[in-house]
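Asker: Sequence:
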Amino acid sequence: MLSSFAMPLLFLVIFGVGFNRIIGVLTPGIDFVKFIYPGIVTMTVLMTSVFSGLSVVWDREFGFLKEVLVAPLSRTGIVLGKAAGSATVATIQGSMLLVLAPLIGITLTPLLVIKVIPLLIMISVSLSGLGILIASRMRSQQGFHMVVQLIVFPLIFLSGIFFPVNDVPVWLQMIVKVNPLTYGVDAIRQIFLGGDFTAVPSAMQSGSSIMGITVFGHTMTVLEDVGVIAILGLVLILAATWSFNRQE
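Residue numbers for the sequence shown follow this note's numbering, so the first one is 1 and each next one is one higher.
Be aware that a few hints might be false.
[Unchecked claim] Calculated pairs, EDC-like style, for lysine to aspartate or glutamate (alpha carbon to alpha carbon, straight line, at most 16 Å): (1) 177 <-> 167; (2) 115 <-> 224; (3) 66 <-> 31.
To be clear, the hints were calculated from the coordinates, so they are not data collected in a lab.
Work the whole structure out from these sequences, hints included.
Answerer: Have a look at this one:
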């Protein structure tokens, strides 16, 4: 559990100290640490959820998966159980990072926690489906690690965790906006920081916002972000179930 916090805390400390003044120039009243903190919470959930698929590969390598598959259980139930278990662990780990909020100047209220926890659960379930989908086709732990790393790091760096996504080049916007993690980061950031921070015209285009993804000229709200995450989660769980059902 301690090792799972190492990378998120490293990003929060190193990137926060190194780039702390940049976002403050773009938006008065919010520094870079506050800006990336919601993304770091989401990143913790991402890594725990996706890497949970490793248990499927482990079970396959050691023969335990065969015993599970011949048990009087539906394979759909097995996938849902795996997703629920990994989502629980990921949500707990993401929630533990909430204790850092007061240390960086974000007021942590019971209402904020009530809003964030269900969103973390939804994100973790969705990404657990991705991890199980990948693991269902892997035959070795080494192969799983290689594939997951090729997927996880682009998801992290192209999700708006470290920079506002509305004012990057058009080609990069297209990539960022098809990244499902982008909408989870944006939803949690809006809950933590609110949606009324606008950029200084001299630093960015007048009226642009560092929160709220603009899709076809429309700025996404928290509920719309949640809708995208829910649809994504359903698709990934169904795909993981289909793939798992095709196992020998």
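Asker: So, for every hint listed, does it hold in this structure?
Answerer: Here is what the structure says about each hint:
{"no.": "1", "hint": "177 <-> 167", "in the structure": "holds, 12 Å"}
{"no.": "2", "hint": "115 <-> 224", "in the structure": "holds, 15 Å"}
{"no.": "3", "hint": "66 <-> 31", "in the structure": "violated, 51 Å"}
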